[in-house]
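*Asks:* Read off the chains here:
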Amino acid sequence: MSAQTGSAAQASRAQPVRYGSMSRSRRWALRWSYFFLVLFAAFFLLPPFYMLITSLKTSAEISAATNPWWVFSPTLENYIELLTTDQYLVFFRNSALVSLIVVTLTMVISVPAAFALSRMKFWGSATLATGVFLTYLVPETLLFIPLFKIFAEVRNLTGIELINNWWVLLILYPTLTVPFCTWIMIGYFASIPKELDEAALIDGATWMQTLTKIFIPVALPGLIAATIFAFTVSWAQFLYPLAFTTSTDQLVLPVGIVTTLIKGDVFNWGQIMTGALLGAAPPLVIYAFLMDYYIAGLTAGATKG
Amino acid sequence: MAEVSLHKVVKRYEGVEAVRGIDLTIGDKEFVVLVGPSGCGKSTTLRMIAGLEEITDGAIQIDGTVVNDVPPKDRDIAMVFQNYALYPHMTVSENMSFGLRLKRFPKDEIRRRVDEAARILNIEDLLERKPRQLSGGQRQRVAMGRAIVRNPKVFLFDEPLSNLDAKLRVQMRTEIKRVHQQVPVTTVYVTHDQVEAMTLADRVVVMNDGVIEQVGAPNELYHSPRTRFVAGFIGSPSMNFLRCKLDREGEDLMVRLADGVALTLPAESRERYREHVGRELVLGLRPEHLTETRPPRNGEVVAPFPAVPDVVEPMGMDTLVYFRVGREEVCARMDPSANPRVGEPITLAANLARMHLLDPGSGLVLGTRPTG
Ligand SMILES: Nc1ncnc2c1ncn2[C@@H]1O[C@H](COP(=O)(O)OP(=O)(O)OP(=O)(O)O)[C@@H](O)[C@H]1O
Ligand SMILES: [Mg+2]
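In the order they appear, the protein sequences are chains G and L. With my numbering applied, the first sequence has no gaps in its numbers, which climb one by one up to 305 at the end. With my numbering applied, the second sequence has no gaps in its numbers, which climb one by one up to 677 at the end.
Take these hints with a grain of salt, some might be off.
Now the in silico label distances, taken between C-beta atoms and shown as ranges [as the list claims (entries may be wrong)]:
| # | chain 1 | residue 1 | chain 2 | residue 2 | range |
| --- | --- | --- | --- | --- | --- |
| 1 | G | 96 | L | 413 | 46 to 52 Å |
| 2 | G | 208 | L | 334 | 32 to 38 Å |
| 3 | G | 208 | L | 369 | 30 to 36 Å |
| 4 | L | 332 | G | 194 | 45 to 51 Å |
| 5 | L | 388 | G | 165 | 49 to 55 Å |
| 6 | L | 435 | G | 69 | 48 to 54 Å |
| 7 | L | 416 | G | 208 | 24 to 30 Å |
| 8 | L | 388 | G | 42 | 46 to 52 Å |
These aren't lab readings, by the way, just hints derived from the structure by calculation. None of the values given here were measured: they were computed from a predicted structure. By construction, the Cβ of each residue, glycine as well, lies at the ideal position given by its N, Cα and C atoms.
Taking the hints into account, I'd like the entire structure generated from these sequences.
*Replies:* Take a look at the structure:
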């Protein structure tokens, strides 16, 4: 102990100013961060890279025993074939339509709902807010069989066929997106000081004006985070469309790719990879555009409390 | 023209009575300050006037009409909040004009009013900035500007200065007073700072525990408090309270303190206290009326008061001296030139023309009319 302090004292006497040790430990911390960042980046980027490589190969090259991480004779064949078949375009259109409508519906429902739950103190509002969150915790794997039952009942009672129609997803997806988005927005709205809506109230704003002119602009990052979430969920949802839609013209992308490009036990890997890659593009584009807002939103929610 | 009056106003939250029957009339263009310790119901009262809290019982009138069930926007009031509550996504001028735009005022009228308010508040250069680009004092001005442009019947302020640092607070206090002189509007102002209350108010309302203790002009509260609470709350350092006994000695009345000090009352106050002779009472004497021995100025009736200083606090203009009488601590305010020292006995002069005698049970100051 004393020897240590003694040597430390000596060292500091030899080099009076030793800021170096501070920056040295910082440098090491940085090195480790980069190491893990690269590791994780590689881990997450390898599958898309593999998809890209495979999508550029011919079926022959895929099945041949060559290096799977390299294309020897690249071709756009898979892309051309997919984009010229109506089927794939129909999947794409269904997906886009479903996602856009679901995102709109979700926002139209959950933003006012969150506003009401966080600001208008009515009887049972706190319980209701918790209830909304609990709904989100029920996984869809538990729900699709009862839903199937309900749809069958609806058909028996009204004669309306809900199963095997793409638009039924417009009813199903919001059950996943609305609770979560409402929950996020409640958090954002709760972080807005209550004097702000009181000031608006005194200034003569109605509840609706307070929502549209004050709350939505102030909570915009949160709104964008919620939008991205709703879009991602609807774009990538697999179980519900798999369970509730069957005819090829009613399918959305994720299900469409798997059901039409796998024929029996023949996997058309080139086209599957191409389809998946193209399908992943829209969320990527949206993330890229809204990334700044999204991150601002995440951190604002974290610090404002 | 706008008078605000409260009749037996009560506010009850589940279980708690925050405001317990308040009667108060605020005259047109009057500046009234509600002051009191934390949790006494000042904000609640103000928020009921604003319409942000429902009134459990009683009635509030603005300009002659009962507004109990009138929503805030139709009460024609403007409010300045402690945290300013500026809309963060709007510029200063948008913030100020928000209310007018909602009411669909013509553009040039809005422009005119915003410019006028900006001129009064000296924020003409800030009109295009966002709130986050402003300092605390500037935000405070904008919040006031937002109230002024509305041209309301009543201004409501809830501790508008407590987020500012001490120096800026004093500056903005003067500013608020100046604005009120330029734009005389009925004002209700809430603060827990008695100096702010004294300096700003036409009339001060001292609240405690959900009721009004006393209403009066600042000097009236200072010189003739009616209760021990008001006597102790107004003035800094606060009034000394000493247990004493009122005795008669021939024609003279005198108060005997715990350690045998006896002070002879001035002849004028004999009549007032005669009926209390023989009782245990509380003597109330402000530090500024307990000074170094000096030739009495006009109206002063001084009695010698021996003391041994425990703590000496030089303040520059005067020096505060703390000492004990029996078990009670007493503060005296001396001229710095008297140069008191810890442990050295001195003789102070108590100005008994300014003393009060209080009933120890009820806390009422004797010889004043009861609160009503
Ligand atoms: N929403 C509420 N629910 C329950 N009790 C409340 C509520 N708001 C205020 N109170 C209680 O009412 C009493 C008065 O509160 P109020 O905010 O009026 O105090 P105040 O005088 O403004 O104090 P401060 O100087 O701390 O702002 C307090 O005891 C407080 O706990
Ligand atoms: Mg308050």
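*Asks:* Taking the Cβ atom of residue 388/L and the Cβ atom of residue 165/G, is their distance within the range 49 to 55 Å?
*Replies:* holds, 52 Å
*Asks:* Per the hint of 46 to 52 Å, is the separation of the Cβ atoms of residue 96/G and residue 413/L within bounds?
*Replies:* Hint holds: Cβ distance 47 Å, inside 46 to 52 Å.
*Asks:* Do residue 388/L and residue 42/G keep their Cβ atoms within the hinted range of 46 to 52 Å?
*Replies:* Between residue 388/L and residue 42/G, where Cβ atoms are some 48 Å apart, the hint holds.
*Asks:* Does the hinted range 24 to 30 Å hold for residue 416/L and residue 208/G at CB?
*Replies:* For residue 208/G against residue 416/L, whose Cβ atoms are near 27 Å apart, the range 24 to 30 Å holds.
*Asks:* With 30 to 36 Å as the target window, see if residue 208/G and residue 369/L comply at their CB atoms.
*Replies:* Because 32 Å falls inside the window, the suggested range holds.
*Asks:* A range of 48 to 54 Å was offered for this pair. Does it hold for the Cβ distance of residue 435/L and residue 69/G?
*Replies:* holds, 52 Å
*Asks:* Using the beta carbons of residue 332/L and residue 194/G, state whether their distance is inside 45 to 51 Å or not.
*Replies:* Given about 31 Å between the Cβ atoms, the range is violated.
*Asks:* Hint says 32 to 38 Å; check whether the CB-CB distance for residue 208/G and residue 334/L agrees.
*Replies:* This hint holds: roughly 36 Å between Cβ atoms.
Of the hints listed earlier, the one the structure fails to meet is number 4.
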